[in-house]
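**Student:** As a plain string of letters, each chain reads:
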Amino acid sequence: MPRRFAGQVHKQASRFLRSNLLKEEPAWYQAVLENPPLPLPPRAPANRSRYDVPRHIASSSADPTISSSISRRPLPVSYLEDTLRRQFFKDHPFEAFRPVSLVEAGRIQDEHPIRGKQWKRLRQRGINPSAEDTIRYAATLHEHHKYPLTQAYSAAVAQFRSLRAERDIATNTARLEAEVIGIPFGPTLVEQTFALEEKQLDTWEKKDELDASALAARKRWKAIIEKEYDTGTWSRGKQYVRLWKEGVRPDYMPVLKEPVITSAGLETNDAQKAADDLAREKMHRQQVASSVDFMNIKQNA
Amino acid sequence: MSSSLLRQSLASAAHRSKTGHRVGRLGQQLRCLNTAETSGEPLQTQEDWAAFQTQRAAQKTLVDHMSQYGSTQTRENAWQPHHSLHRPLHPQEASLSALLASGAHMGHSQKLMNPNFMPYAYGVRAGITIIDLDHTLPLLRRAAKVVRSVAARGGSVVFVGTRPDLRTAVRKAAQRMGSQGYHVGERWLPGTLTNKLQMFGSDVVRTEQVIPDLVVFLNPIPNLHAIRECAIDNVPTIGVIDSNADPRIVMYPIPANDESTRTGQLIAGVLSLAGREGVAIREQELVLAREQEEKRQKARNARETQRAAEQSDP
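Top to bottom, those sequences are chains A and B. Per UniProt numbering, the very first residue in the first sequence carries number 1; after that it's consecutive. Per UniProt numbering, the very first residue in the second sequence carries number 1; after that it's consecutive.
One or more of the hints may lead you astray.
Below, a sample of chain B positions facing chain A; criterion: calculated Cβ distance under 10 Å [to be verified]:
{"#": "1", "residue": "Asp-64"}
{"#": "2", "residue": "Ser-67"}
{"#": "3", "residue": "Ala-98"}
{"#": "4", "residue": "Val-124"}
{"#": "5", "residue": "Ala-126"}
{"#": "6", "residue": "Ile-130"}
{"#": "7", "residue": "Pro-190"}
{"#": "8", "residue": "Arg-262"}
Quick caveat, the hints were computed from the structure, so don't treat them as lab data. Where a beta carbon is used, it is the ideal one built from N, C-alpha and C, also for glycine.
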């Protein structure tokens, strides 16, 4: 089988058509000829601007005639904001705990209309700046307002802290006012968690069943047959035949002919009463068992 | 904007019980000036007219001032997650923004990058290869053109997406192309093209066309056998090539993220819409051809009747 290349399928088809191995043009032939497949571009990393290439690579004056200086791998994508982000989250570790919406949309969000030279104060983008807004502001100060990077960072973070402080104070004051007025707030997250824990601990409690009938219904009843084994004589089947002729049907479980309510099923737990009941039951069972003896439990005359 | 007029209009708004929620022709919320309850009495004096004018001016100020706030989002113009599957984009609507939002730029780990993928790799970030969408967009449009042309010539297109999340996307893509669209959502049976006599039987192979005219792969790496079969049987292929794949395995590579469901749905949607257009072009051409044939038939019949009439009356 000769080697087949996906990118040369149309050339192979034209060869087949020329040599009459294919009788008629396939339906895709003209379509592919009108839109021929493009060859793979030269294997070199993409041309990148200084915007997102790390500064140490962008500034390096590499001589392309030296093969070791040629980059054969795609370059890293890194922004000025990355250094600012690193410093910001070192200084404000709990900002990383603020929830961020991951809701997807059909398009990416446009940047805020206030940007570049127009953006002079962090407050212009709202009263509740996020970490990302602060970092963008610091980068803007550095790029468009000619602040040195450290000072840009300090200015941005100072404004961020003031706005956060204002918001925290306002929120706390509003909460206190609401509490004083008497607005009912629901349980806090901590209280909700405690409630869940209590609920879970309650499942460990052993509760005595009060409903005896429910207990009795659930109980797996089993027959307790007290057998008194006597080695009877072997009647050579004569007893069996006799009973059969007389029309006495065999009853192998004479104990269960009538239901017997024992003291265990009753509510009162008198020990003495229980013992008396047991004795009575035993006697009754013995009487029933001794009435007809099919299995030769007792010797029969 | 004058604040006194605004205060006036706000005061009057507070007294008004109803605000007119007008709905426009296209279903969007309209902000109308004449939402207030008119008294119904015709204006008589000059003072009446002045009062009417000031009221209208106050309303206009209120509407103009408040229009910059508030949301214009409705259920119709808000994007919902099912739109990427049920409302595909036209090839001209597919933009860099849409591709980025679907996560098409995220490739695999930089260590796993295929060396032949280098021209389509923008860079490396967070340990993964970032795919250059400036290459992706024109290649996607080119693939759409191919699908449209193949469909316009009556060719059959097969959409292959053998992952559970791509199954519905390829099914819908095939449905959009009607009788010319097919899909493989479960597994490409090896030997579908190379062992067709066994697969389909000699009668089917003789009477019907078993080899497709174009195959679109949404996840080419698990379907390399299928790609090879297409190359053997001279079938052009389109494929979504991720950074760990060689772009030359298919005829028309679309460098994009093959793991993202949204990206697969977007690309399948774009290509199937182009295919639907091609199918419509084909239907039109067939209708035209039929009409022309009928006209020619009528002309022939007319000529024959004329000749017969001439022969009968010499």
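**Student:** Now tell me, hint by hint, if it's right for this structure.
**Tutor:** So, going through the hints one by one against the coordinates:
1. Nearest Cβ of chain A to the Cβ of Asp-64 (chain B): about 19 Å, over the 10 Å cut. The hint is violated.
2. Restraint check, Ser-67 (chain B) versus chain A: the minimum CB separation of about 16 Å is more than 10 Å; hint violated.
3. At its closest, the beta carbon of Ala-98 (chain B) sits 6 Å from a beta carbon of chain A; the interface hint therefore holds under the 10 Å criterion.
4. Residue-level restraint check for Val-124 (chain B) holds (minimum Cβ-Cβ distance to chain A is 5 Å; threshold 10 Å).
5. Taking 10 Å as the C-beta cut-off, the interface hint given for Ala-126 (chain B) holds, the closest approach to chain A being about 9 Å.
6. Interface hint at Ile-130 (chain B): satisfied, since its Cβ lies 6 Å from the closest Cβ of chain A, which is below the 10 Å cut-off.
7. Because the smallest distance between the Cβ of Pro-190 (chain B) and any Cβ of chain A comes to about 15 Å, over 10 Å, the interface hint for this residue is violated.
8. Below 10 Å, beta-carbon pairs count as interface contacts, and Arg-262 (chain B) has one with chain A at about 7 Å; its hint therefore holds.
In this structure, the earlier hints numbered 1, 2, 7 are contradicted, and the remaining ones agree with it.
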